[in-house]
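K.L.:
Chains as they are written, first to last, in my numbering: chain A, 13 to 59; chain B, 538 to 1236.
Every clue listed holds true.
Simulated pairs of lysine-lysine, DSS-like, Cα-Cα distance not exceeding 25 Å:
no.	chain 1	residue 1	chain 2	residue 2
1	B	Lys1204	A	Lys36
2	B	Lys1236	B	Lys1176
3	A	Lys36	B	Lys1053
4	B	Lys947	B	Lys768
5	B	Lys622	B	Lys590
6	B	Lys1211	A	Lys36
7	A	Lys36	B	Lys579
8	A	Lys36	B	Lys1045
Derived list of chain A stretches under chain B, where covered just means 3 residues or more per stretch with a C-beta under 8 Å from a C-beta of chain B:
no.	stretch
9	14-27
10	31-37
Everything labelled a hint here was simulated from the structure, so no lab data went into it.
Note that the Cβ used here is the ideal one computed from N, Cα and C, for glycine as well.
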Amino acid sequence: MNTIVQNILVFIALAIAMWFLLNKFGVLPKKKTSGSKACGQDDCGCH
Amino acid sequence: MPKQINVALIGNPNTGKTSVFNALTGLNQKVGNYPGITVEKKEGICKLPRGVKAHIIDLPGTYSLNASSLDENVVIELLLNKNDKDFPDVAVVVSDVENLKRNLLLYTQIKDLEIPTILVINMSDRMAYKGIQLDIPYLEQELQTKIALISTRKNKGIDQLKELITNYKELSSTPCLSASEIDTEYFDKLRKAFPNQLLYKLWLVITQDVNFGKVDRNEIDAINSFKTKGKADLKRLQQKETIKRYQFINNTLKQGQTIDLKTAKDLRIKLDRVLTHKVWGYLIFFVILLTIFQAIYEWAQVPMELIDGAFAWLSEWTQSILPEGVFTNLITEGIIPGLGGIVIFIPQIAFLFLFIAILEESGYMSRVVFLMDRIMRRFGLSGKSVVPLISGTACAIPAIMATRNIESWKERLITILVTPFTTCSARLPVYLIIIELVIPEGRFLGLGYQPLTLMLLYLIGFGTAIVSAWILNKILKMKSKTFFVVEMPNYKLPLFKNVALTVLEKTKSFVFGAGKIILAISIVLWFLASYGPGDSFNNAEEIVTVEYASENLSSEELQQKISSHKLEHSFIGIAGQAIEPAIRPLGYDWKIGIAIVSSFAAREVFVGTLATIYSVENDDVDTITNRMAKDTNRTTDGKLFTLASGISLLLFYAFAMQCMSTLAIVKRETNTWKWPMLQLVIMTAFAYVVALIAYQFLK
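Can you build the whole structure from these sequences, using the hints too?
P.N.:
Here's what the structure looks like:
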């Protein structure tokens, strides 16, 4: 029983870790946000 | 419920806007005694008297409303667009008591946009020291505003400023200078063509070189009854405008400000003469660098040993209290060593940031920028590129964002492309652990070999950045002309609070930013190292027992052989051995190969990865450094970490583009994948070749 529980916990931890990494590095699709306004929404025209 | 007041903090660079922002909001945004710290707007909430709330926006520093760089556009975009949700109800122009004349130019421009404006005169604590006296009632009358004389360092005048913001409706919106004074005939035509628009706003839209997303310049050009002047005429009018403004400012200050010049000439001039001297300046900077790196090593030794021991104990203790099983192994062999491998470097990173914060706060960093400008010019860059290169010692991401204040696109692009060569804090754990393994502890002229190696790596990074800049300057065919004006702030005694906050923030972002990635990667790596396909992995115990049956190994030695066999046949072992042929000529084995691949997520993951792999392989309670020191290279049968492989690895990390987040930010800033991909390929190929030559030459 203990072995099964420990194995389940390992796979849960692995799934969370994988989800975090995929999300962090943009592999999973992200919700669209309103984008940074730091240099304007449009082409700033400087390049 | 009363409406929230929108307040915009505007001012020249390095007048202390962010300090005012922090004082009003209670937040702890990064401040520094050199220009260009804020390149994006930052927001916070301030509680004002009588239950009123203000939404404070800290805008990047700008010298005028004539934008020449991206960060200055942020200010003008906001002030010219009344429909923006952040359009200020009141503008707070922050000025420095010692540079009032120059600071007032921006003030008069904002006032002419008919936005209620408060003038904040900061650094009032230096007035007596500098022999400055101000006639505040007279200045208020002439500038048609309310003035808050404050000192953020001494926390004085903030309550008065809050009171003025609360009563912003009482402020006069009368302009300082009537725009039509610039050219009566031209502005009359403009007024007739656009009777409902503010004249000075129209003038700004016409004269700006850039397109504002929300302010329609084409609208003006489309009106037939009004003909815009040619570029040269517009420039002449702009110059006339500036002269008129300075005439007004000079007349106002003639009576409103008195400066005792005898008092004003002080230690600063004498210090500047030495610290920016063409020989002594560089020598002093070099000595400061040597002292910093020596101190990083000497002071951090004790806390590092304590942390190292604590993690080894934590792993052992956790194993003793948890039931045996794979999840316990994941915690004790994967997570704890993985995190411990990185936490150990906190003392050295904190000391590095402590020194950088002191140099910034004291005003010395601006002198370094000035010194470096002399070098940079020879390589086709201006001193404006130095700020990103220096701030790259913390992290390349904010450094690349800091390039927004470079007006020339060519210069900005080159700075973006070469900044990742600067030694960031993520490289530090990799350098420190390899240096400890392969560089002896001896001393040369009282300076340790290890700190000297570390300093050399920083210099190699900076040197490569400027040589690459020179090459790129020759290759890239873009027209560019830029001028560099550096602001020399006053020398100040660093404020303990500011220094402590910077160290805390930087260390926190190092631990938590990379920590989450390391934790996740440790879990994945442990899994890949603890599971494997086929009989070789599943029957490891039988295979090894049969193989070593004749060698009379102790049970501990046999267990060690089984662990090594399992690791080599695990998923990670198979993957590592697949890439090993490519990295073997550099003196690395498959474990280092896996660490290099995983550290593409973030460089510091290299240490965490090795800590996890060695922990799975070896059941003994030992530190990561000792485990790495004992490991052998299967190809040479000698030690894995030798001077040759160590130097090769150090050089690989000095040059390789091992950071996904940096690539993402380069893509964002250049708006194309072309540049980050070129950066990735060229930097990695260069790193590989240099590491290969170093290993083959030294082995």
